[in-house]
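> Here the structure of chain E is known, so what remains is to put chain C in place on it, guided by the hints.
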Amino acid sequence: MKNWLILAVSALICASLPFYADNYMLRVVTTAVMYVILAQSWNFIGGLAGYPSFATAAFFGLGAYTSAVLQSHHVPLLAAWSAAAVAAVLFAVLIGGAILHLRGHYFAIASLVVAEVLREVINTTPDITGGGMGLNLPVPHGSIAAQAQFFFYAMLILAVMCVATAIVVRDSKLGFGLRCIQQNEDAASILGVNAYAYKTTAFMLSAVFVGVAGAIYASWVHYIEPPDVFDIMLAVKPLVMALLGGVGTLFGPAIGAIVLMTFEELVWRNFLTVHAAVLGVIIVLLVLFLPNGLLPLLRSWLDRLRGHS
Amino acid sequence: MIYFQILANGLVLGGLYACIAVGFSLVWGVLNVINILHGTFIVLGSYIAFFAYAYAGIHPFISVAIAGLLLYALGYTLQLTMINRVIAAPVLITLTLTFGLDLILNNAMLVAFTADYRKVNLANPLGSIEIGPVFLPGDRVAVMVLAVVLTLILYRVLRDSRIGRAIVAVRMDREAAALMGVDVKRINAVTFGMGAFMAGAAGALLSVVYPISPLASSSFLGKAFVVCVLGGLGSVPGALVGGLALGIIESFGATWLGPEHAVTLSFGLLLLLLFVRPSGIMGKRGYE
Numbered sequence: 001m002k003n004w005l006i007l008a009v010s011a012l013i014c015a016s017l018p019f020y021a022d023n024y025m026l027r028v029v030t031t032a033v034m035y036v037i038l039a040q041s042w043n044f045i046g047g048l049a050g051y052p053s054f055a056t057a058a059f060f061g062l063g064a065y066t067s068a069v070l071q072s073h074h075v076p077l078l079a080a081w082s083a084a085a086v087a088a089v090l091f092a093v094l095i096g097g098a099i100l101h102l103r104g105h106y107f108a109i110a111s112l113v114v115a116e117v118l119r120e121v122i123n124t125t126p127d128i129t130g131g132g133m134g135l136n137l138p139v140p141h142g143s144i145a146a147q148a149q150f151f152f153y154a155m156l157i158l159a160v161m162c163v164a165t166a167i168v169v170r171d172s173k174l175g176f177g178l179r180c181i182q183q184n185e186d187a188a189s190i191l192g193v194n195a196y197a198y199k200t201t202a203f204m205l206s207a208v209f210v211g212v213a214g215a216i217y218a219s220w221v222h223y224i225e226p227p228d229v230f231d232i233m234l235a236v237k238p239l240v241m242a243l244l245g246g247v248g249t250l251f252g253p254a255i256g257a258i259v260l261m262t263f264e265e266l267v268w269r270n271f272l273t274v275h276a277a278v279l280g281v282i283i284v285l286l287v288l289f290l291p292n293g294l295l296p297l298l299r300s301w302l303d304r305l306r307g308h309s
Numbered sequence: 001m002i003y004f005q006i007l008a009n010g011l012v013l014g015g016l017y018a019c020i021a022v023g024f025s026l027v028w029g030v031l032n033v034i035n036i037l038h039g040t041f042i043v044l045g046s047y048i049a050f051f052a053y054a055y056a057g058i059h060p061f062i063s064v065a066i067a068g069l070l071l072y073a074l075g076y077t078l079q080l081t082m083i084n085r086v087i088a089a090p091v092l093i094t095l096t097l098t099f100g101l102d103l104i105l106n107n108a109m110l111v112a113f114t115a116d117y118r119k120v121n122l123a124n125p126l127g128s129i130e131i132g133p134v135f136l137p138g139d140r141v142a143v144m145v146l147a148v149v150l151t152l153i154l155y156r157v158l159r160d161s162r163i164g165r166a167i168v169a170v171r172m173d174r175e176a177a178a179l180m181g182v183d184v185k186r187i188n189a190v191t192f193g194m195g196a197f198m199a200g201a202a203g204a205l206l207s208v209v210y211p212i213s214p215l216a217s218s219s220f221l222g223k224a225f226v227v228c229v230l231g232g233l234g235s236v237p238g239a240l241v242g243g244l245a246l247g248i249i250e251s252f253g254a255t256w257l258g259p260e261h262a263v264t265l266s267f268g269l270l271l272l273l274l275f276v277r278p279s280g281i282m283g284k285r286g287y288e
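Residue numbers (my numbering), protein chains in the order written: chain E, 1 to 309; chain C, 1 to 288.
Just so you know, the hints here were simulated from the structure itself, not pulled from any lab data.
Glycine residues also receive a C-beta, built at the ideal position from the N, C-alpha and C atoms.
Where hints are given, some of them may not hold.
[Stated by the list, open to error] Covered by chain E, according to a simulated footprint, are these stretches of chain C (three or more residues, beta-carbon under 8 Å):
1) 28 to 36
2) 86 to 97
3) 221 to 231
4) 261 to 270
[Stated by the list, open to error] Just some of the chain C residues that point at chain E, by a computed CB distance under 10 Å:
5) G100
6) I104
7) N106
8) L110
9) G258
The shape of chain E in the complex, shown without the other chains:
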């Protein structure tokens, strides 16, 4: 119940944003909400099941291209977005069948390679996808401000759906099974957890919202190209955000996403040439000194405060 309350309150606060934020702010927040979706989605497979997935970029790019190609054939917006969700889920089932029996490093690499293969496939099929030239999307009607609001609310609704799913999964049999798999997969299998089905479900959950986020992103920026939507950073940043907030926790990835995006806006824009290095320093410090993330740290502080009062 508490978790639903937290979700509702933060969603309402976000939803009120367009009434007082300017367009620049709205753009930044839309991006942040997108990363909340990516980080929370990664958490299904990477956090709960403990499978270090780099497939986020693959799902994102696939969703973006599915929707973009359909829209260039005059499919309406919402139908194209839904198709992106279907494509991402089907792809996750297909790829999951091939790589989810791998563990550890092998899984990480295989999931990383999936995005590279997709990128190359799109690069070498210019007749359908525009190849390296990229693809233009139809510009929607309405003023710039109205468009900005439309895509912001679209992202926000998707993020709420994603976090709501996380809450449901956490207290369900599925969530319990995934945590068992994370701790000891062989033991979980022996005790009757259908590891394959559970992992595939987690992989699907980690794909569906990312696919739609990619589709919304494509419509939002009107133009996509393979290096943009299959960017390796789209797979790495969600992972760093989850690490920052707390891997496997319910709201950790979302908190990590917001903290990292805020940091990016405040600090990185002043250091453009060493952008990547600053992220690198954050990652190194995080791994060495804060491996459990911010959320457990916050909790222990809260507990200490309560203990004193």
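Leaving out everything else, chain C in the frame of chain E:
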């Protein structure tokens, strides 16, 4: 007879791939760390060779030792001060750490050397070699031979030297090795240093045949992945077999399907192999 030419091209390419991958395979096999830095180490080795040739006139083949030793020092320090602290943590943590370090090092190189492509242009190139119907560029053949020699030296070091046996022992059983008096932390650092040495040496060799840029690091890393999975992890012969196999496959693939599909082919092959035989052609055995 064109097939002999394609095969020869593939073998030359494969020797280079083996040299790119062997250090990566060593670190992965012994430390269970995926060293994302590997590609950047290779590029750094290339830059060392480039500047040594441009400013001091040192031939890149001599720079192999210089680049190797400098990178050994860098790798040894990184492992001792940072990676050792999280060596026992789950996969995600060590992978993420080396990824973060890679971002820093690669960005530093981008700022210091810019993204411009450079190349070592030898004053006295080796010309071309003609064996029957097969033509081969002399520089590439020399690089390939040196790469294979370096790989074989590493093999002998691991087999015959005291430190090599200690590395193999750590790979087989970390705890048992510690009980036998092996200083595991130091061996970790030496292993990572040796991986970096091989990367730096490979980079110095490659500076003669490939253009150099910080942007090339990820493609080297990708090749190292594929070679390791192809040949089987954690053995020098595995890296050699995997490298040669990839070289030949890419060479024939580029001829039959067109060069633009070479990358798709190697990655597709990687996925297929992971699916049917994750342990690679040579299987998983002790690091010999």
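> Each of the hints needs a verdict: does it hold here or not?
Taking the hints in turn, this is what the structure says about them:
no., hint, in the structure
1, 28 to 36, "holds (count 3)"
2, 86 to 97, "holds (count 9)"
3, 221 to 231, "holds (count 3)"
4, 261 to 270, "holds (count 6)"
5, G100, "3 Å, holds"
6, I104, "4 Å, holds"
7, N106, "7 Å, holds"
8, L110, "8 Å, holds"
9, G258, "9 Å, holds"
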